[in-house]
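Asker: Given chain A, put chain B in place with the hints provided.
Note that the protein sequences, when read in sequence, are chains A and B.
Numbering-wise (the working numbering), the first sequence opens with residue 1 and increments by one.
Numbering-wise (the working numbering), the second sequence opens with residue 413 and increments by one.
Since the hints were made in silico from the structure, they are not lab data.
Each residue gets a CB set at the ideal place from its N, CA and C atoms; glycine is no exception.
One or more hints might be untrue.
In silico negatives: residues of chain A with every beta carbon more than 10 Å from chain B [stated by the list, open to error]:
1) T23
2) A24
3) D137
4) V248
5) T334
6) S355
7) D387
Computed footprint of chain A on chain B; a stretch qualifies when at least three of its residues, placed anywhere within it, have a C-beta under 8 Å from a C-beta of chain A [to be verified]:
8) 425 to 434
9) 463 to 473
So the derived label-pair ranges between C-beta atoms look like this [as the list claims (entries may be wrong)]:
10) Q321(A) - T416(B): 16 to 22 Å
11) D226(A) - N414(B): 25 to 31 Å
12) T461(B) - D378(A): 53 to 59 Å
13) S211(A) - S469(B): 48 to 54 Å
14) D226(A) - E448(B): 23 to 29 Å
15) A40(A) - P442(B): 17 to 23 Å
16) G111(A) - N414(B): 53 to 59 Å
If you want the building blocks of each chain, they are given just below.
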Amino acid sequence: MNWGFDTNAIHAGVPSQGDGVPTAIPIVQSASFSYDTATALEDVFAGRQRGYVYSRISNPTVTALEERFVALENGRAGVAFSSGMAAIAATIESLCEAGDHLVASAGLFGGTLALFDEVLSRRGISVTWVDVTCHDDWKQAIQPNTRLLFVEAISNPRLDVANIPELAAIATQYGVPLVVDNTLTTPYLGSLREMGAHVVVHCLGKYSSGSGSSVGGIAVDLGVFDWSTCQSKLVQVASKRFGAFGWVAALKKGVATHTGACLSPINAYFIMMGLESLSLRMARHCENALVLATALADHPLVESVTYPGLPHHPHRAFVDQWYGGRGGAIVTLTTRSKSDAFTWIDSLRLIRNASNLGDAKTLMIHPASTIYREASPDRRAMAGVTDTTLRLSVGIETVSDLLDDLLNRRSV
Amino acid sequence: MNVTINGQIEEIPSGLTIIGLLAHKSVEMPDMVSVELNGEILDRPAFDTTLVSEGDSLEFLYFMGGGQ
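For reference, chain A alone in the conformation it holds in the complex:
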């Protein structure tokens, strides 16, 4: 169905024909699914017939979410996971084995950094870190055993904006997929498929859910990469059988089914409900973020403000070209001292001090003492995190109330 973005956000994945069909996706809260005959169940297990057998493998509510999200990304197919980190881990696992290598942008989210540093190294997968803006460094970092390039569309919390078309061209030139974490931009701000990216991963518990109610993740094949040329062994085998669906088949059948990081049906439901209002919320998120980023430049505790929507941000031209001038909803602030940062957080009455983002509620956190607490000094520096850094995840409240709270001039 060739629907527009907002129509897909509301209708994709939910059957609409027939009498008495529910208008919201039913929550199929069942671990298993029974069949009348042993042959029927055998056929589904074997793959001869489509069907559900066990919710670790697949579940109708989760399938509906996958279909809706793939439609929003204009992708080929996708697999949902229990979290964004699970989606990233499974994507890496589908493309790499011991002895393989990947190139990643410096300044990734702390959780991803820890996964790459601590888990991948134990599995014999090496990582070369490069500056997201130094495209020659990406080329030089690619080795014969490189299996993917990994980048965040907008990095968290450094707020570098990756030039996805440039990086996708490099990836294509060297025959490896570009995997993009699109959590901060969401498919609403811009189409990564049009930019040439190959795979996107998301933490669905952020803007997609929108209410901070659920954790979830997804990995989507954007239908751009020729998987028959992929050097990853698992994908090579799957591509021979399933052609263009080779990577998704490898991800689903070769990794997700066995590792079991499945999304719960009720979380899939909440995320689908959130997606219905994604456009409206993202527009408000971005509007509020620009207002706060502009106003906070004059705040007495603030030394600097970073926000991709500000005119002086170094990547503003890319934001204008590909994201419609909308810089997302994370604002990174630098205070004069850690003490000032803590004092500011403690003074807030409306804005919550919490480790999440993309919530309708505005949240502030001191990354160095929380998300990056276990990161080494050089890893913190790579992510642009110091003791004076604060991350503001701008919500969709009345913006004057947020300003009053941040300026300590209210009685909330």
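Answerer: Same frame as chain A, now just chain B:
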């Protein structure tokens, strides 16, 4: 002519390729189906050129086995 598809003997028109047989059988989401021909996995590019023969045994298998 007669072939065996997923364990069932069926009569199909002569001269079908694998991709033609998938269409003839109205297989749902054929892009997501792999095919075993006489016990051997058939590479995807061969779907367009491989002709189905009398007595062949075929298995159509979804990779979303156990789901979708």
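Asker: What hint numbers does the structure not satisfy?
Answerer: Failing hints, ascending: 4, 8, 10, 11.
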